[in-house]
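A.B. asks: Under this note's numbering, read the sequence shown as residues 121 to 283, first letter to last.
No lab work stands behind these hints, which were simulated from the structure alone. The C-beta atom is built at its ideal place from N, Cα and C for all residues, glycine as well. Please note: incorrect hints may appear among the correct ones.
What the hints assert, rightly or not - Lysine-lysine pairs mimicking DSSO-like chemistry, simulated, CA-CA at most 27 Å apart: (1) LYS264 with LYS187; (2) LYS197 with LYS150; (3) LYS157 with LYS197; (4) LYS264 with LYS154; (5) LYS187 with LYS246; (6) LYS197 with LYS246; (7) LYS197 with LYS264; (8) LYS187 with LYS149; (9) LYS154 with LYS197; (10) LYS150 with LYS264; (11) LYS149 with LYS264.
Stated by the list, open to error - Now the in silico label distances, taken between C-beta atoms and shown as ranges: (12) HIS194 with VAL273: 12 to 22 Å; (13) LYS246 with PHE275: 27 to 37 Å; (14) PRO280 with HIS216: 15 to 25 Å; (15) ARG143 with HIS194: 30 to 40 Å; (16) ALA145 with GLN185: 34 to 44 Å; (17) ASP121 with ALA240: 37 to 47 Å.
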Amino acid sequence: DFSARFSATARQYRYVILNRQARSAVFSKKVSCKHGKLDVASMHQAAQSLLGEQDFTSFRSAACQAKHAMRSVHWVKVSCESDFIYIDIQANAFLHHMVRNIVGSLLIVGQGDEPVEWMADLMALKDRNQAGPTAAADGLYLVKVSYPQSAGVDFPVYLPRFY
Numbered sequence: 121d122f123s124a125r126f127s128a129t130a131r132q133y134r135y136v137i138l139n140r141q142a143r144s145a146v147f148s149k150k151v152s153c154k155h156g157k158l159d160v161a162s163m164h165q166a167a168q169s170l171l172g173e174q175d176f177t178s179f180r181s182a183a184c185q186a187k188h189a190m191r192s193v194h195w196v197k198v199s200c201e202s203d204f205i206y207i208d209i210q211a212n213a214f215l216h217h218m219v220r221n222i223v224g225s226l227l228i229v230g231q232g233d234e235p236v237e238w239m240a241d242l243m244a245l246k247d248r249n250q251a252g253p254t255a256a257a258d259g260l261y262l263v264k265v266s267y268p269q270s271a272g273v274d275f276p277v278y279l280p281r282f283y
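Using the sequences and the hints, build the whole thing.
C.D. replies: What follows is the structure in structure tokens.
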């Protein structure tokens, strides 16, 4: 039996950050805002420690009802276009608030408050209290859900882009 939730083999999210001094009324509630320059290259490098099948307890919400925190991140990319930073991540599944918790920690790396290696340290610690705060919901988009070919369902990827 097909289930939109349980038959999925992968999910892809995009988190959008407007990285400039002034907030935008046009993009209010559509993107997250972060003042102060962020080091996108360091954020991307730090995010690579999330790849593969690992225990994501450090990025698991207290309200998470999943039986375990093992997830497999297929790829993650942090990129910049104009004043917008895009964090794209695909995994077999995500824990409650996992993407927002990852983004909160990547922002700390991007600000220069923690080194790139800190993300790998957080993964090893398996302690949510050691990771960064949960990033705002503004800017988080589910952009793709993949299903087995046998399901006969194929949706295109719609990546929100802002200029």
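A.B. asks: Now, for every hint given, state plainly whether the structure supports it.
C.D. replies: Hint by hint, here is what the structure shows:
Between LYS264 and LYS187, the direct Cα distance comes to roughly 24 Å. Compliance with the 27 Å bound is thereby established for this hinted pair. Proposed proximity of LYS197 and LYS150 is supported: the alpha carbons are some 20 Å apart, at most 27 Å. Restraint check for LYS157 and LYS197: the C-alpha separation of about 18 Å stays at or below 27 Å, so the hint holds. Proximity of LYS264 to LYS154 is assessed by CA-CA distance (about 25 Å); at most 27 Å being required, the pair is judged to hold.
At roughly 15 Å between alpha-carbon atoms, LYS187 and LYS246 fall within 27 Å of each other, so this suggested pair holds. Annotation: proposed proximity of LYS197 to LYS246 holds, straight-line Cα distance about 22 Å (limit 27 Å). Distance restraint check for LYS197 and LYS264: the Cα-Cα separation of roughly 15 Å lies within the 27 Å cut-off, and the hinted pair is therefore satisfied. Taking the CA atoms of LYS187 and LYS149, the gap is near 32 Å; set against the 27 Å cutoff, the hint is violated.
Straight-line distance between C-alpha atoms of LYS154 and LYS197 comes to about 18 Å, which keeps the hinted pair within the 27 Å bound. Proposed proximity of LYS150 and LYS264 is supported: the alpha carbons are some 18 Å apart, at most 27 Å. Simply put, LYS149 and LYS264 have alpha-carbon atoms about 21 Å apart, close enough for the 27 Å limit, and the pair holds. Under the hint 12 to 22 Å, the C-beta atoms of HIS194 and VAL273, about 19 Å apart, fit the expected range.
For LYS246 and PHE275, the hinted distance range of 27 to 37 Å is satisfied, since their beta carbons lie about 34 Å from each other. For PRO280 and HIS216, the hinted distance range of 15 to 25 Å is satisfied, since their beta carbons lie about 22 Å from each other. Range check, ARG143 to HIS194: about 33 Å between beta-carbon atoms, so the 30 to 40 Å window is met. For ALA145 and GLN185, the Cβ-Cβ distance of about 37 Å falls inside the hinted range of 34 to 44 Å, so the restraint holds.
In this structure the hint that ASP121 and ALA240 lie 37 to 47 Å apart at CB holds, the actual value being about 40 Å.
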